[in-house]
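Trainee: Chains as they are written, first to last, in numbering that gives the first Met the number 0: chain A, 0 to 1049; chain B, 0 to 445.
Treat the hints with care, since some could be wrong.
[As the list claims (entries may be wrong)] Pairwise CB distance ranges (calculated): (1) A:GLY760 - B:VAL192: 39 to 49 Å; (2) A:ALA710 - B:VAL192: 27 to 37 Å; (3) A:ASN829 - B:VAL366: 52 to 62 Å.
[As the list claims (entries may be wrong)] Counterexamples of contact, computed for chain A against chain B with all Cβ distances above 12 Å: (4) GLU289; (5) LEU382; (6) GLN476; (7) TRP517; (8) PHE583; (9) ILE603; (10) GLY777; (11) PHE879.
Note that these hints are calculated values from the structure, not bench results. Owing to the predicted nature of the structure, the values given are computational and were not obtained by experimental measurement. Glycine included, each C-beta is placed from N, C-alpha and C at the ideal position.
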Amino acid sequence: MTRFIRFSVMCMIALCLTTAAAFAQNVRGKVLDRKTGEAVPGIRIQLLDKDGKAVFGTVSRAGGLYQIAQTVPNGTYKLVAAAVGYKRFEKNVTVSAEMSATDINVIEDVRGLEEVVVTGVASRTSKATAEVAVARIDASNLTEKVGYNNAGQLISGKVAGVTITPASGQVGGGIRFNVRAGAGLFGGDPTVFIDGVRVASGNVTGFGSGGQQTSALADLNPADIENIEILKGAAAAALYGPQGQNGVVLIKTKRGRSRGVDEVTVNYQGLIGYNQNQRDFTPDMHESWEQANAIFRKGAVQQHNVSVQGSSGVFNYFAGFETRDEDGFVIQNQLNRRAIRLNIEAVTSKKFNISVSANYIDNFTSRPQNDNNIFGWQGNTRLFSPYNTPAGAAGAAGLSTLNRSPRSTYGFTDSLAIAAYESSLRSQRIIVGGEMNYTPEWSFAPGLRFRGAAGLDARNIRNTTYVPANFNLSGLQGERGIFNVSDQRVNFEGTIAYDFKLMDGKLSATSYAGFQGWNDVSRTSTLTANRFPTEIIQPIGSGDATTRVVGEGFSNNRNAGWFVRHEMNYDQTYFLSGAFRNDFASSVGISAPNIFYPQVSTAIRLDKLEILPESINLLKLRAAYGETGSLPGLTDGKELIWSASASPYGAGATRNLAGNPLIAPERIKELEVGFEIEFDNAYGGEFTYIIGSARNSLINLPRAPSTGLGARPSNIGGIDQWGFESLIYAKPIQTADYSLELNAVFNFFDNKVVDLGFSQGGPAFFTDGFNRQFIVPGQRRGQYIGFRPVAPRFRADGYYDYTTGPRTDQPGVAAFLPTADTTGLIRGENNQALGYAVGAARPLYTGSFSVNFRFLRDFTIYALAEYGLGGNNFNGTLQFATVGAYWNNPRFNVLATQLGIFGSGVSATNGAAATERGPAAQIAVGRVPGVNVLTPNTPEYQAAAEEFMKLDARFAALNVQNYTQQADWLRIREVSLRWNGTQTFNDLTGLSLKNLGLTLTANNLALFTNYKGPEVELNANPGSTVRDNTQDFLTMMQAKTFNFMVSLGF
Amino acid sequence: MKRFQKYTAFLAAMVAGLWLVSCANYVQNVEPLIDVIDDPLLNSQAQVPFLINGVNRQLSLAGSQMVTLAELQSDAFFFDTRVPNATFPTFAEIDACAIQLDNNSVNNQWGTLGNYRFHADNLVERALGKIPFTNDAAGTASRANALFNGYLHGGIVRYFYASYYGLNPNEGGGVINAGPFVPSQAMYDSALVRLNLALANAATPAQTRIVNTWIAKVNTAAGRYPAARTAALAGMVRNDAPFTVLYDPGTITNTWWTDGGRGRCQMIPDNRFEAYLRADSLEGRFFPATVAGTIINAVGTDAEFAASLTTRRLMFFGPITNGGLRFFMSGRYPNQNSAQVLASWQENELILAETAARNGDNAGALVNVNNVRTFHGLAARTVTNTDSIYIERDKQLFAQGSRVIDQRRFNRWHTTTPQSGGTAISAWRFLPIGLPERNVNQNLPR
């Protein structure tokens, strides 16, 4: 009987299935935005069977309509709708004869929580499930709204925990990434990958033209970038090995997109605008404020991008051409860039895809000498008082020329000579990357995946300088220099991944094993000559043969590592991963140094546990721990290396480097814990607290110059770092015609040096060479430390005693005031009194606010403000302009006049009595007309003396206190107004343009700061021992840029 | 499933193992560096000339810069911003003898001396124990040549330390290899040890005379006049070529070119030198110079100038008036390749004269003084004493780095009460050992 019943049931089921098949249906409906009610085209819709396999699919069309073309057998399916920018929609549907149209209400993914992001060298997941803090910048969206000058601007202020500091306001200038608290004792920049190619992203070497440098990222067209992801710190980037110690920046360029097969989209974006100086110099900054302002101009900017993208079914392609011509706001500064990009993606099947991206760039930059350089425009206009400038003939840009006189504008270099100086850098570069993914679906190994990638960044850089023969800079009678660099950087990686499920599919796991390596080759050659016969000839061969200097350099450096990683997630709710990596580096003379770096991370999606209110659609707690660090350099382990150097005696053996055979890799550790929350699909935030440390830091330990051996690569010291990054966002308004998005970022990071290995032969402290910024145990990295002037001294006649200078709180010197408060005196490890803390160099608090307001459907206003608080800058320009003979500090001059110490009391020779040889060097340029000498022994005189001693720039021990200034700032970084006229235009004309937009943008529109120099965001030359160097010596201010942009797509 | 997992695990282990082994090989398989030499490769007799060139190169780097800084600190030259292109605040400090410990010009030269000392001592160390010299005449000569050069330069650099640097304004001396401070007298001793060892390895009479003159110089600077006389008696003689440092535009240029010369003039001679010429036109020559913008156009490459260089003691460009300052520029080292004189037979004669005069033998001193004067076509003196020899040295040893030593020896310092660190101090009569050494060398007092 039982057998009969079983047979009957089976027959009935079979009958039903047969019947159902006979009544198969078309599935159709409309895709709508749940908030705005607007139809949404371009949504990918799939029906999944009970095994989760996609069995039918389509894409929503204009008007949001969709219809699965095939006839779908009756049954129960899971209807899934997904697209970038929208959260995944899932709904169980029963297909039957009675089935009506099924509408799909999608929800905008305000923060891209469900977009796939990279969380490690091999792993990809969504931000909603990532176990580490992931920063992702939707660059393609931003470049539609704002005309960016460089890729760095795309990152600045957009993500938590990362700030960008330009080296200079000059076009093409270098940039520095500040990722969280900085990794090791001296920090560093993150590694940058573009489409999987590990690119040269540091500053370009070559002839110096001041501290501005040139960024390798200046080669990159911001309009080509699809998105930027940043892995911040060791916890996230441990699997990148030594590349990850300062974070990893992953730039992905645009890929071919199409709404249908064989549909081609052509986009044009044109931009015109100009750069101008951010601020004007004012009379309270310099006596020479008018001369300093005279070097500025409006530099024209023009850019055109044309791209073609589409799909042929198998191939997706994107091809773009860019031409950009940009003049800086200072004479001679310009950039001309031409670039071609071709990205092709071949998707032959679900099993196999391969993509190739190729970019050729020809980038020319002209760089006048500026920034930390007395021979440039700034050095000659901001240091000298113009009081005794004689009238001269009009020179370049209306500037006076041949006006060289002591302590006058252009006191170092004639303006025509500066104008005649040429320094150009031409970079021709190919960046090619390829990636292959293969999922074989072998029956004996289901879940096995392979991924391989390789990249090449090859560039030739030609840096030339030229001074015509009629300008005598350093008496060279013309000078020509040529510096050529040929770099090839190859990287490659491979990964085997194995996906499997356990516990009835609830537990998903993936195991990875992979390798990564790179090979960097660099060749340089230098040729200089001077003494040219005439200014009308330039080739280097025309220079005096006896003055020619040639040089050649070569290096080949390799790194390799392998890693293993295991990821698990239970029901998309609990996540756990563990990994380790082993890295090797090239080393001459010793065996290759290698080190293991571990990583472990976890996360839990509380919103999946159904214990939270339904309005909370995401609440994820996460924690991650990871280690990275630098590996020793190629020759660091060699005891002693020599080179051959030319000399008048013939080439001679010269000590090149004295290394350290015991050198070992360093270890940087970081723990991050945080959470992400989102509710009502419109409001959310993220918070990450980090605590980290670096030990056995790899540093070049300065040796006493009397050794004649130079710095020694060493493993010493340590630093602890901590802080948090946070971000909140809201999209409170979203209708068909209006939407409002708000974002705020707030970061706090700090650090403390804990050890310099003094007892093992390490230094008592590090300084920048001027004893202004220190790295000393117990203090923040790069802290400003100095002694204070405590009390003025007066002569017997009551006048200020300028000769002796003020009493100070510096113990052990004659000027020490015994009653001075020495609380807080900082000492080096050797007990040497270093001074009193003035403040941190970099801002302790950074952040940004942004608003994106769309109104009347087609118009959008976007604004981004960025700020930094708690930082300090050393105003070296003002200190230099004050000291000795320059007399370009207006307040100092007023006080000197009031105190009656102008004239013979203050000499050109740095305060010494006017020389008895020849006419007195001192002249009364310091006396300010209309200012009277105060009466000694009066309160007014005393007050002037006390203020004056705090401006005295003659004493190195006091300069830090006297010229370090607070540097809090708020910058209106980006403002734009965009009209998206696509729909209006199409409605009016009946045409079907894919894109029409007009945009007005302004970058660096306004700066509010308490810093007294023209530029508050400083990134001094990293040649200094102290990386967090915020010393302002003639730093060129950032540009204020206005652009008008047209976007057209058809 | 389990079977496959085992297989996968085995495969992964194999891959990992292979890669682990190959990683080390891969990273070490790099192209060799082309611009460096491993230290042991230099332990060869064939490399001795290359090593000696290296030491001489260090002298080129150190020599003229040492002299310019010393002359700037002395009363022979001064710094004035009214001179076109005279801009260095560090030079202003040196001129005023109010020198901060972070003075780049002083500290860079300190580093250069460290390199010079290292290369000289390294050559000696290598010659004494590392280079396997052949057991024949060539090997013996090569070893002596290495030792002669190593010891000679080791002596010279210690003379520089003792004569020009100091820990305190009135306390001269230097530091060897991050050791403790060595006061001037002890440093002079150290220099003399090496110069005497150089003497033992001299290959020619000319080398012997040169080293003896150096020994005389060191003893004179140290105030050990009898010993100076003894050495000078065996020192350089009339028509001996001076001991010079070589320069050329393509490698290392004489720093007078950019510090106090036609390339860039940041230091100018004291006015008294013009007075010397006015008193006796045969003492030297002025050649025309004018200011045009940032350029001082100075003529001085013609045959007449070149001829004058070999015969006249004082050579100047100018006078020039600019910014209210009337000045002239040194013409002693007019070109980038001008050789810097560090020792000469004339100096040797003047050492003999001074030591004779200090011994009460003014007549003997007069002979030595007139040997020098008549060589330059100057009228012979009829009388002399240490004071006149002081002036004679001022003229004869112009721009050779001796003046600052003489000022200290004769206690005729020229500056008063500069200040440093917020208080009045004694003038720095030595260049200070600066922060780069003090911050790192734990042997130095703080």
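Trainee: Are any of the numbered hints broken by this structure? If so, which, sorted upward?
Mentor: Failing hints, ascending: 1, 5, 6, 7, 8, 11.
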